[in-house]
Structure formats: C-alpha cells, structure tokens
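Visitor: Protein chains in written order, with this note's numbering: chain A, 1 to 320; chain B, 321 to 640.
Read the hints as simulated data drawn from the structure, not as lab findings. Predicted, not measured: the structure shown is a model, and the values here were computed from it. Heads up, some of the hints might be wrong.
Claimed, not checked - Here chain B is said to cover these stretches of chain A; the calculated rule only asks that three of the stretch's residues, wherever they fall, bring their Cβ under 8 Å from a Cβ of chain B: (1) 158-167; (2) 183-191; (3) 197-211; (4) 233-243; (5) 255-265.
Built from N, CA and C at the ideal position, the CB exists for glycine as well.
Number of protein chains: 2
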Amino acid sequence: MRMESNLQKAAEFLKQADKIEILSHQYPDGDTIGSAAALCRALRKMGKQAQIYCNDPFPGKFQYMMEGLTPQSFESQAVVAVDIADTQLLGPRMMQYATRVDWCIDHHGSNTHYAQNWVVDPTAAATTEIIARLIVEMGVEIDREIAACIYTGITTDTGCFRYTNATPATYRIAADMMEKGVDAAYINRVMFDTKSRARLELERRVLDTMAFYFQGQCAVIYVTKRMMKESGASDDDMDGLASLPRQVEGVKVGITMREKEDGSFKISLRSNNGINASEICSKFGGGGHPAAAGCVLHGSVEEARQSIVQAVSLVLGEIQ
Amino acid sequence: MRMESNLQKAAEFLKQADKIEILSHQYPDGDTIGSAAALCRALRKMGKQAQIYCNDPFPGKFQYMMEGLTPQSFESQAVVAVDIADTQLLGPRMMQYATRVDWCIDHHGSNTHYAQNWVVDPTAAATTEIIARLIVEMGVEIDREIAACIYTGITTDTGCFRYTNATPATYRIAADMMEKGVDAAYINRVMFDTKSRARLELERRVLDTMAFYFQGQCAVIYVTKRMMKESGASDDDMDGLASLPRQVEGVKVGITMREKEDGSFKISLRSNNGINASEICSKFGGGGHPAAAGCVLHGSVEEARQSIVQAVSLVLGEIQ
Chain A
1 MRMESNLQKA
11 AEFLKQADKI
21 EILSHQYPDG
31 DTIGSAAALC
41 RALRKMGKQA
51 QIYCNDPFPG
61 KFQYMMEGLT
71 PQSFESQAVV
81 AVDIADTQLL
91 GPRMMQYATR
101 VDWCIDHHGS
111 NTHYAQNWVV
121 DPTAAATTEI
131 IARLIVEMGV
141 EIDREIAACI
151 YTGITTDTGC
161 FRYTNATPAT
171 YRIAADMMEK
181 GVDAAYINRV
191 MFDTKSRARL
201 ELERRVLDTM
211 AFYFQGQCAV
221 IYVTKRMMKE
231 SGASDDDMDG
241 LASLPRQVEG
251 VKVGITMREK
261 EDGSFKISLR
271 SNNGINASEI
281 CSKFGGGGHP
291 AAAGCVLHGS
301 VEEARQSIVQ
311 AVSLVLGEIQ
Chain B
321 MRMESNLQKA
331 AEFLKQADKI
341 EILSHQYPDG
351 DTIGSAAALC
361 RALRKMGKQA
371 QIYCNDPFPG
381 KFQYMMEGLT
391 PQSFESQAVV
401 AVDIADTQLL
411 GPRMMQYATR
421 VDWCIDHHGS
431 NTHYAQNWVV
441 DPTAAATTEI
451 IARLIVEMGV
461 EIDREIAACI
471 YTGITTDTGC
481 FRYTNATPAT
491 YRIAADMMEK
501 GVDAAYINRV
511 MFDTKSRARL
521 ELERRVLDTM
531 AFYFQGQCAV
541 IYVTKRMMKE
551 SGASDDDMDG
561 LASLPRQVEG
571 VKVGITMREK
581 EDGSFKISLR
591 SNNGINASEI
601 CSKFGGGGHP
611 AAAGCVLHGS
621 VEEARQSIVQ
631 AVSLVLGEIQ
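For reference, chain A alone in the conformation it holds in the complex (with noise of 0.2 Å):
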C-alpha cells in the first residue's frame, strides 16, 4: 500500500532527523494538537529536539497534552504538519511555512499535497491515529502522555464515538490506548461534558427561538450579535450548537442563522433522511455535504427564516 509505504518513509525521515519543527492548523481542535503533542513528546522521547507552532493559542480544555513540553528553541532543520489538508489552514502567521513542509501527516481526503512528502489516510478518524501507527514504525514505545494525546484526537474528531467515521480500527486504538493509563472518562467529561456560563446563557436563549414547521419536520434556531453580546459568548462557545434544530425527535431538516459582523446571516443547515442540505443551501449560492450545507441570507431574521424555510417547504413537498 502506497500510504504504509509512506508510513515507513516518514518514520526513517524522522528517525534522521533533528530540530523538528511541528505544524497546527489555525483554529486548533483536538486532533491536531493531539497529532502534535503526541508527536512532539515522540521525537524527544528519541532524544531530538522538537518544537509546535500554530497560528492560535490553543484553548485551555487542551493544555494537559502540552503539559511538560517545555519550548524549545532552534535552528529548524526539519518541518512535519499534522492535520493540515491545506495551506490556508496554516493561518497567516504561519504562512512562511506553506512551501517548506516536509512531511505531511492527515487523514483528510481533500489534502492538496502542498508538502514535498505525505501519509494521506482518509479512512483514518483522526490524524492521531496514523500518528499513533508513525510512532510504533518509530520504535518509540507509546507512553501515558502520548496516549492521551492519541485518545484526545480520536474522541474529539468521532464526536465521543459517535460519528460514521469512527470504525473498529478505531475504537481498538482507543482500546490500546487506555491500556497506556489515558483517564478516558476524564478527557471525554473535559471535551463534552463540560459548558461554559457564557455557553449555557446563550443555548438558554437560543432555545427560546426555535420555531417549528411542516408539523415538525423542520426546526430553526437564531443567534443575533446582540444575544451573542448579552450572554457573553465567544466564538467556541457557538461548538456544535448548529445540532441543536436536528436533535428534536421528528425534525428532518435543522436550520441555525448566526448574523455576522454585517448583518446578514450565516445559515447553517443539518439534514437526516435523504435530504439534500447542499441542494437546498446551492440555491442561495451556498453549498456542503448531503447533510450538512451553510449559505448567507440577507435581510431581517424574519426574512431571512422565511427564504430558507420556503426552500426547505419545495423538498420537503417533494418527498412527502
């Protein structure tokens, strides 16, 4: 297989190698501070010098992987991204980078291939489980640090297991994995147990403007700037509440309009039985996935639930 072979080219590469300098995408989630850590504490395990860089700081909820990875400076001689399916997600502070990756680690089919080498698994459901196989190809025993940090990624990118990505392979590297010591439940409670005042507020007022239609089949929510300011949310206290309209038992189509900065608003919509959120979000020049699409509406919150809720109306006359 081309991508075990890589596997292995990755892992003479690094075995070479010193003052290794590790890549984050912009925006840091679970998976990719997770490949980074878990990697990072590798190649010092090995006695090398290694460093992580990212575009943002990573939140708070993630600091446990970084704990006692203390930074290191040098001459970068060596430059691995992990989780990065595209240069744009380097950010602009990191854009130096984005014609100097040497190896590129991911697990997302739409990588464009921007690093002089690759290991592209999209069968993958995280980044950190081909980081957890470039490990062992490393010789490098995996420990309780890099364990956890394996764990995080795979937990937080399946939605705790929840999500079709997740397959046998790798519910059994989370199995390995909490044979190293991880507290899975801990790190599960951390990453999905766990809401911020500003978060509660803000779902507390969001949930006072779900409106139904089509007796039930279709549920929208809104969050203006105002109720974003009054509760005190930022930007991750928005994580995943664009789940909330499909949860509702009966519900088909989930819509969530965020308004922007200029007023209009950011659609966000969720599909289940068949229908196409893309096509529907397409008519507005928007698009996505089957069930999962956004577009931009403009005009009041009443105008703008009504354009989408009519669009919703045209599919769903059609299936019924």
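Dock chain B against chain A, hints included.
Guide: Chain B alone, transformed into the frame defined by chain A:
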C-alpha cells in the same frame, strides 16, 4: 475463574434447554433489552423456542432490537434473567418469577444471587458484554441483528463510551460488533442525539431556573409538577437532566430538585473534585455514591433550595 466456568455452565444449560423465558428488568433500558433480544435471537438461531418478558413495554427507540422477533407462546421449561440485580427489579407484574429463575446473567456487583445459578461479572460495562461471550460459548455466530443488540447495551450503559466503566475490553467488543455490520452512528444518534419536543421544552424551562452559589461552585435547577405538565414531559424526558448543572464549567456541586406528587422535592446531587455527595445527602436522611446521591426535602422551592445549598456551603467551606 469462577465467572468463566459459570459462563460455560450457563452455555451448557442453554444448549440443553428449550422453551426458554427471558426476563428484562422493569423500566427497561438499552442494556436489559439488548441482553434479552441478543440472547433470544441466538437461542432461536439454535432452533429453540424463546420469548422475552418484561413488566413494562419497551420504549419506541429500542424497537429496532425486537424487529422480526415474533411472539412465541409455549409452556416454560427454563427461565433466564438478564441485567436484573434483585428480584425487586422484576417489577410487580413479573413477581411470580422471583423464585423461578434458573440462570441470572448480570454485571451488577450488587447482584443478590437470587437465581439458582448466575454469571455476575462487575468488570463488564454492560450485561451485553457477558451475553456476547455467552453466545460465542454456545457456538452461535453473532449476526448483524445480534451485534446491534450487544452494541446498544454497551453504548447506553457507558453513556456512549464516556463513563469510567468503559474498559479496553468494552471498546474491543464494540469494534467486533461493528465488524458484524452494526450501524453504530445510527444507534448513537437515536440514543444520545434525539430529544422529544417535550424534553426540549422542559429543558428550556429548567435552564431558566438555574441559580449559582459560592462563586459558581454550586448550581441548582428545579422541576415542578407544573413545568412537567406544561411542557408535556413524561418521566422518560427527565433522563440525564440531573447531570445538567454539573456540566457547567467551575461547578463542583450540581443539584436538581424535582417536585414529587406530594409536593416534596426529590434532590439529585452530583459532585466533582472529590466532594462527597453521599455525605451531604445523608444529612437529610438520603444517600448514594460519592459523586451521585439523593435525598428528599419538604417545603417550598425556596425553602428546599436554601436547605440543600446551606448543607453544600459547609462542605465547600471545609475544602476551601
């Protein structure tokens, strides 16, 4: 090992038996239904007659496990109880079985050994984990339908692999079941990402009641009879509500007060950071586990809330 030798004996017993009645516990959940349905399917695959009995009907969201299991009527020759720790949990309508259970298959350490024989493995996250081993021991191939039942028990009893009871073995059995063709993402969506409109309405009202104490270390919500009635919520809709307050960042003690028929309040207390929930509740004649306990308080909402918050203040004071 005692447990495994019992598993072999249970398999031997069932291989010899026919006309087998399988019992699930009252207020049935994913694990007791999954265990019963998986075992019933395996026994029927062996050409035996087998039928499931329960004090209560199975909730609609679990019906996929029963698909194709047409009712059979026969004179019982053997009785197996699954996931039932105590005869009290049979429920009033099933009490006639209390002294007639040949084998009990269970994962509760508190099992009272009321059956003639038992396989009790408290290290199993779900009883379906044990049922999976039992079916293999009986020499029956686990098909997709059986696998879906086993996966369901595991994911519901571990809160989608979130709780501390999920072990590496749990993850690996789940992986094995997925390889049999289980649509894990679908099951998890139905179990964890679907809310009734009544539940949503109740949640909205309950969030409005959330009050914080001691610099956000303690959060209290309440549910009155009137809120239940106005939102159209049933007892099923209360599921997991008690974990809401503790999910808020910074909260060490989360309290849910639910008004009972007689106007008193059932208090559910959940704690983090080593605060002993059971100790707090014991002051009011209640009890439970270190991180989850309960008691009953009388008086108005305000009076009940003041009493429990006062008790919490003493404990928070001690550790501050």
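Visitor: Each of the hints needs a verdict: does it hold here or not?
Guide: Structure-based check of all given hints:
Counting residues of the segment 158-167 of chain A whose beta-carbon sits less than 8 Å from any beta-carbon of chain B gives 7, enough to reach three: the coverage restraint holds. Three residues within the 8 Å Cβ limit are the bar, and the segment 183-191 of chain A against chain B gives 4, so the coverage statement holds. Against chain B, the segment 197-211 of chain A contributes 7 residues with a C-beta closer than 8 Å to a partner C-beta. That satisfies the three-residue criterion, and the hint holds. With 1 residues having a beta carbon nearer than 8 Å to a beta carbon of chain B, the segment 233-243 of chain A misses the requirement of three or more and the stated coverage is violated.
Proximity of the segment 255-265 of chain A to chain B, defined as three or more residues with a beta carbon under 8 Å from a beta carbon of that chain, is not established by the 0 residues found.
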